Amino acid sequence: MCKTCGCEVTPGNAHLAYRPVPQHTTAVDVLGRLLAANDHAAEHNRAHFDDHGVLALNLMSAPGSGKTELIEATADALGRELRLGVLVGDLATDNDAQRIRTHGIPAVQITTGEACHLDAHMIHDALHQMALDGLDVLFIENVGNLVCPASFDLGQHRNVALLSFTEGDDKPAKYPVLFRSADLVLLTKSDLARHMEDFDAARAEGCLRALANAAPLHALSARRGINLHPWFDWVRGELAAVRARRRAAFHPGAHHHDHGEGLAR
Amino acid sequence: MHELSVCQALLGQVEAIAREHAARVERIRLRIGPLSGVDRGLLERAFTLARAGTVAETAELSITEAEVRVRCRDCGAESAASVNRLLCGGCGGWRTELAGGDELLLLSVELSEDERVATDAA
Numbered sequence: 001m002c003k004t005c006g007c008e009v010t011p012g013n014a015h016l017a018y019r020p021v022p023q024h025t026t027a028v029d030v031l032g033r034l035l036a037a038n039d040h041a042a043e044h045n046r047a048h049f050d051d052h053g054v055l056a057l058n059l060m061s062a063p064g065s066g067k068t069e070l071i072e073a074t075a076d077a078l079g080r081e082l083r084l085g086v087l088v089g090d091l092a093t094d095n096d097a098q099r100i101r102t103h104g105i106p107a108v109q110i111t112t113g114e115a116c117h118l119d120a121h122m123i124h125d126a127l128h129q130m131a132l133d134g135l136d137v138l139f140i141e142n143v144g145n146l147v148c149p150a151s152f153d154l155g156q157h158r159n160v161a162l163l164s165f166t167e168g169d170d171k172p173a174k175y176p177v178l179f180r181s182a183d184l185v186l187l188t189k190s191d192l193a194r195h196m197e198d199f200d201a202a203r204a205e206g207c208l209r210a211l212a213n214a215a216p217l218h219a220l221s222a223r224r225g226i227n228l229h230p231w232f233d234w235v236r237g238e239l240a241a242v243r244a245r246r247r248a249a250f251h252p253g254a255h256h257h258d259h260g261e262g263l264a265r
Numbered sequence: 001m002h003e004l005s006v007c008q009a010l011l012g013q014v015e016a017i018a019r020e021h022a023a024r025v026e027r028i029r030l031r032i033g034p035l036s037g038v039d040r041g042l043l044e045r046a047f048t049l050a051r052a053g054t055v056a057e058t059a060e061l062s063i064t065e066a067e068v069r070v071r072c073r074d075c076g077a078e079s080a081a082s083v084n085r086l087l088c089g090g091c092g093g094w095r096t097e098l099a100g101g102d103e104l105l106l107l108s109v110e111l112s113e114d115e116r117v118a119t120d121a122a
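As you go down the protein sequences, you meet chains C and D in turn. The numbers in my numbering rise by one with no breaks, and the one at position 223 of the first sequence is 223. The numbers in my numbering rise by one with no breaks, and the one at position 99 of the second sequence is 99.
One or more of the hints may lead you astray.
What the hints assert, rightly or not - Incomplete in silico selection of chain C near chain D, CB under 7 Å: (1) 28; (2) 30; (3) 33; (4) 150; (5) 219.
Note that these hints are calculated values from the structure, not bench results. Note that this is a predicted model, so its numbers are computed, not measured. All C-beta atoms, glycine included, are put in the ideal place defined by N, C-alpha and C.
Please model the entire structure based on the sequences and the hints provided.
Put into structure tokens, the structure is as follows:
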């Protein structure tokens with residue numbers, strides 16, 4: 001068991017159960033995550049996604065790195081092959097949801113007001129407007145913010161972090177919590193790379209590896225349709241993995257022989 | 001930033017505990033790691049705002065800071081590290097696992113028994 005999620009009393013914290021407290025005071029040991037309520041809601045969301053065999057992807061980046069553009073390009077390219085849906089988080093406006101809908105896929109806008117991140121409860125509420133039955137992949141476009149979203153589990157299967165060529169190549173070192181959580185890093189706006197001579201993709205990768213993160217990096221341009229195939233293949237692969245886990249859950253032991261469906265006995 | 005959200009989640013848990021014991025909250029003990037995404041100073045400040053009007057309104061917040069430590073998957077060594085340099089202190093490799101540093105734990109809640117005594121006597 002791990003030492004950091006509160007699921008175990010360790011020698012390092014066991015003494016807290018026995019420390020002296022002032023008179024007329026009772027100490028209640030909790031040893032639980034501060035964000036336990038959000039974690040619980042996130043697990044509920046994840047179970048929901050798993051039950052429906054829907055791949056849930058959490059897209060995070062600074063504002064303006066190209067999350068919406070990437071979703072639009074993906075809808076155009078994969079919209080006939082896969083059934084896609086989007087939950088978009090923004091502090092204000094429903095501009096992004098409207099943009100996405102023009103590409104023929106359903107999008108629900110979550111307007112957070114003051115909140116600088118999405119949380120599991122917001123996702124849960126938004127799912128009342130998005131039927132998972134009809135979906136293969138759900139993109140969750142988080143609020144543009146490299147700080148806060150990383151701390152809140154939404155119930156997603158995978159995190160995708162976007163970093164554009166117009167930003168600093170050392171961003172993974174500056175925002176370690178978010179980039180540590182990334183399962184895939186996309187270097188976006190690659191069509192502008194030739195104008196951004198200071199951006200060294202190898203340095204960005206080095207910063208990511210220094211976070212002990214083995215996630216792949218792919219440079220692409222959603223707007224110009226450059227090198228999108230590694231991204232599409234990654235999505236297809238992750239969807240296949242979700243479906244394989246679902247089949248394994250319904251058929252424990254991962255048998256591959258026929259269970260006799262349709263055969264007379 | 002989001003420290004206020006974290007405070008509200010914290011107070012939700014603390015209030016439930018205090019209600020169960022029908023007591024007032026004296027002290028809340030947390031352990032926070034640098035990779036949790038929560039800033040200690042901002043959390044302390046958010047707490048002084050968020051606790052108003054709750055059973056924890058006079059409670060003190062005690063935060064211990066956790067160290068960033070990694071365990072190497074290649075050589076097995078455990079060593080101290082920094083938030084954006086999670087390399088093995090032994091072999092220098094980057095294939096490590098976090099052994100500490102992303103904690104966001106509510107360790108314990110210390111409750112005053114005074115109110116409970118008053119309740120029993122009522």
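Checked hints:
no., hint, in the structure
1, 28, "holds (5 Å)"
2, 30, "holds (5 Å)"
3, 33, "holds (6 Å)"
4, 150, "holds (5 Å)"
5, 219, "violated (21 Å)"
Checked against the numbered hints given earlier, this structure breaks only hint 5.
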